[in-house]
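**Student:** What follows is each chain in one-letter form.
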Amino acid sequence: GAVVSQHPSWVICKSGTSVKIECRSLDFQATTMFWYRQFPKQSLMLMATSNEGSKATYEQGVEKDKFLINHASLTLSTLTVTSAHPEDSSFYICSARGPSVQYFGPGTRLLVL
Amino acid sequence: AQSVTQPDIHITVSEGASLELRCNYSYGATPYLFWYVQSPGQGLQLLLKYFSGDTLVQGIKGFEAEFKRSQSSFNLRKPSVHWSDAAEYFCAVVLTSGSARQLTFGSGTQLTVLP
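Sequence order for the protein chains is P and L.
Quick note on numbering: the first sequence equals residues 223 to 335 in this note's numbering.
Quick note on numbering: the second sequence equals residues 72 to 186 in this note's numbering.
Mixed in with the good hints, there may be bad ones.
Claimed, not checked - FRET-style restraints, in silico, Cβ to Cβ:
#1 Ala224/P / Ile82/L: 24 to 32 Å
#2 Thr239/P / Ala88/L: 43 to 51 Å
#3 Arg148/L / Thr239/P: 22 to 30 Å
Unchecked claim - Over 10 Å on every C-beta distance to chain L, these chain P residues come out as not near it, computed from the model:
#4 Val226
#5 Gly275
#6 Glu309
#7 Gly327
#8 Arg331
Unchecked claim - Just a sample of chain P residues kept apart from chain L, beta carbon distances all over 10 Å, derived:
#9 Pro230
#10 Thr239
#11 Leu266
#12 Leu268
#13 Glu274
#14 Asn292
#15 Thr297
#16 Ser305
#17 Ser311
No wet-lab data here; the hints were simulated from the structure.
Every residue gets a Cβ at the ideal spot worked out from N, C-alpha and C, and that includes glycine.
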């Protein structure tokens, strides 16, 4: 099946710094990618929908200035957590829309100290 | 309101026993239906999907699911569970109308398999 990669798989950073997470579709082109956030023992919550070449669409309650999304090519979307704080610590998962289904990356665990 | 419900937060079964995980949806029309599995610290893997046609769908790892329109359900089943099946299972839907077409997930069911 199609493969979606994420980098890094985990990151620890100091409070106030910015962190960039990359999401790549390795063997297909994805005009639409999605970013999810998952807290322990909870389901995935959609943060934003990223369309190649246009601005991302954010879900209600998600700060677009804090979670910057760039989808510059058909195989790459990035999520930048700006001025990260401990409450931003979470598991971030990206997903790319394939021909008929969504394929998910392995996730990035962020810990903000 | 439109929703996806997984009534069972946690299920424990013995290895070799049968398994059924429940999923109900509340939408005006039949959505596209999916089951995903997530191992600890990992992303999601698609087990199976239903778009149309035969209401009993076969997936990977010996899983199957049956769509029942009258019950708005899409329950996941496996005749004999293996220890490696222990994971979190998510039911998800995509609306077949409208422009959003994004997945909406249920709250998940944690499966524990006893030796």
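**Student:** Now tell me, hint by hint, if it's right for this structure.
**Tutor:** Against the structure, the hints:
no. : hint                            : in the structure
1   : Ala224/P / Ile82/L: 24 to 32 Å  : holds (30 Å)
2   : Thr239/P / Ala88/L: 43 to 51 Å  : holds (48 Å)
3   : Arg148/L / Thr239/P: 22 to 30 Å : violated (47 Å)
4   : Val226                          : violated (8 Å)
5   : Gly275                          : holds (17 Å)
6   : Glu309                          : holds (20 Å)
7   : Gly327                          : violated (5 Å)
8   : Arg331                          : violated (7 Å)
9   : Pro230                          : holds (13 Å)
10  : Thr239                          : holds (23 Å)
11  : Leu266                          : violated (5 Å)
12  : Leu268                          : violated (6 Å)
13  : Glu274                          : holds (15 Å)
14  : Asn292                          : holds (19 Å)
15  : Thr297                          : holds (17 Å)
16  : Ser305                          : holds (26 Å)
17  : Ser311                          : holds (14 Å)
Of the numbered hints given earlier, the model fails hints 3, 4, 7, 8, 11 and 12; all others are met.
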